[in-house]
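Trainee: Listed below, chain by chain, are the residues.
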Amino acid sequence: MRALNIAATGMLAQQLNVEVISNNIANLNTTAYKRQRAEFQDLLYENQRRVGADSSDNGNIIPVGVQVGSGVKAAAVYRITTQGSLTNTNNSLDLAIQGRGFFQITMPDGSTAYTRAGSFQLSPTGEIVTADGYVVQPGITLPNNTTAVTVNASGQVLATIAGQTNPQNVGQLQLANFPNEAGLEALGGNYLVETAASGAATTGNPGSTAFGQIQQGYLETSNVDIVSEITNLITAQRAYEMNSKALQTADQMSQTLSQVQ
Amino acid sequence: MNDPSTIVLSSQVALLRMTDMLANNLSNLSTNGFKGQEMLFEEYLGEASDGKQASYVQDIGTARDLREGPITQTNNPLDVAIQGSGYLVVQTPLGPRYTRDGHFQIDAQGQIVTSQGYAVQSDANTPIVIPDGTRKITIGKDGSVVTADGAIAGKLQLVDFADDQKLLPVGSNLFSSDQTPQPASANTTVAQGALEGSNVEPVLEITRLIAANRALTYNHDFTNAEATRVSNAIDHLGKTV
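Those sequence lines, one after another, are chains A and B.
Counting in this note's numbering, the first sequence runs from 150 upward without gaps.
Counting in this note's numbering, the second sequence runs from 3 upward without gaps.
Only chain A is shown next, with the shape it has when bound in the complex (with noise of 0.2 Å):
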């Protein structure tokens, strides 16, 4: 009987999917989250009567074959990289992208990992880090009387220090884009690390071409719709169950060829 492994290949791509979009569910507040989504296809065919052969010696030919699949596998999960709508919180250090391109963070082991959660503070030194003390490239550190901090659309990093009526440029952010986003890994805690499918980084100042806008003040929300999540997710439970059906039946028809006299 195929059809039990068939009916269970259904019901492990629909806990993918609900694993997917519970995630989903869970980052509906996460800084910069990308949904996700799974994609799935069907698993080979077997020819049980190939379509285009002959069926008789005149040459006439089967119209349909006999094809029987065997069930589903997930292809893809992957990120939907729109642009999530920008949360003003007047936090001078709180940077949102408007627009392609990733901020370049220095992993504690030296390799680069790619953010678009802006969320930075200070370390004790001075400089600008994320959440997690991580430096943010290419190091920007504010001198220690500094007043205020402003970035502008282009990245430019300006420090108002006390005493002095100009602000002082003290560095530049640089963006990072990939030519396939979506290859992108992640980490965990809204980083993700270049791949052999994401292609390799081209760094460019914010607001230059292909690259999006910094806005001060601003963070990215996650681009998550809880309706369509709770909508794909019912979906989801429905199909699961459907295709607990197609066990249960499969297995009564084994039952029943059991009890053949």
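Since the hints were made in silico from the structure, they are not lab data.
A couple of the hints might just be wrong.
As the list claims (entries may be wrong) - The following label-pair restraints were derived from C-beta to C-beta distances:
no., chain 1, residue 1, chain 2, residue 2, range
1, A, M150, B, G119, 49 to 57 Å
2, B, L68, A, N239, 53 to 61 Å
3, A, G353, B, Q167, 45 to 53 Å
4, B, Q181, A, S357, 48 to 56 Å
5, B, G119, A, A302, 52 to 60 Å
6, B, G97, A, N207, 27 to 35 Å
Owing to the predicted nature of the structure, the values given are computational and were not obtained by experimental measurement.
Each residue gets a CB set at the ideal place from its N, CA and C atoms; glycine is no exception.
Dock chain B against chain A, hints included.
Mentor: Relative to chain A, chain B alone:
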């Protein structure tokens, strides 16, 4: 002598195969561009032991339900749904394959590819390459892929076949064909930011599943009754001798 049992057996074999097919339809409820299958049964006349003809059943073929699946909005710029009859062309190591699953991505070289990394073909039979640094991709109704500055990166190739039923499903939402693809009609368009869902209707499939289950039970009851009849016959005929 065994005719009644073998006739019932022909039905049981067909019903089990139909159950496998129904389970496959149901397991692909969430598969993009999936086309449900239907089993076609045919009467098969075989010679019975008494020289007369007995009617067997044969599952002669599986037909694909070619109706369009529901279109769902994903807002992903690289998702396309085909509206109307036609297929997109994907270049695989085994040759061109055809699909209605328009969930695409860009690979590290900037090519538009499927989830397996196979390049989607343009109408010039080449991969479509999105230049690095493109901010926004627009895909027109006719399948032309336009980047933000108005440059056309390529046009998605839409093809159609004289007989869709002859396409062979090869898994991964792809079909292969021996037929020469024709350009799709002008009425076939693509919608960006949307995907075509599976056209399987769960209510119908469950109903068919129940019907197959019941039919198998009736067959089973018949087989048992027939076994009783034969054994009774042997008992009674044996006694009279």
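Trainee: If I claimed the Cβ atoms of B:G97 and A:N207 lie 27 to 35 Å apart, would that claim hold in this structure?
Mentor: The hinted range 27 to 35 Å holds for B:G97 and A:N207, with Cβ atoms some 30 Å apart.
Trainee: Taking the beta carbons of B:G119 and A:A302, is their distance inside 52 to 60 Å?
Mentor: Given a distance of about 37 Å, which is not inside 52 to 60 Å, the answer is violated.
Trainee: Just tell me: holds or violated, for the beta carbon distance of A:M150 and B:G119 against 49 to 57 Å?
Mentor: 35 Å, violated
Trainee: Given a hint of 53 to 61 Å, does the C-beta separation of B:L68 and A:N239 actually sit inside it?
Mentor: Hint holds: Cβ distance 57 Å, inside 53 to 61 Å.
Trainee: CB of B:Q181 to CB of A:S357, is that within 48 to 56 Å?
Mentor: The hint (48 to 56 Å, Cβ to Cβ) holds, given that B:Q181 and A:S357 are roughly 49 Å apart.
Trainee: Taking 45 to 53 Å as the hint, is the beta-carbon distance of A:G353 and B:Q167 inside that range?
Mentor: At 52 Å between Cβs, range holds.
Of the numbered hints listed earlier, those contradicted by the structure are 1 and 5.
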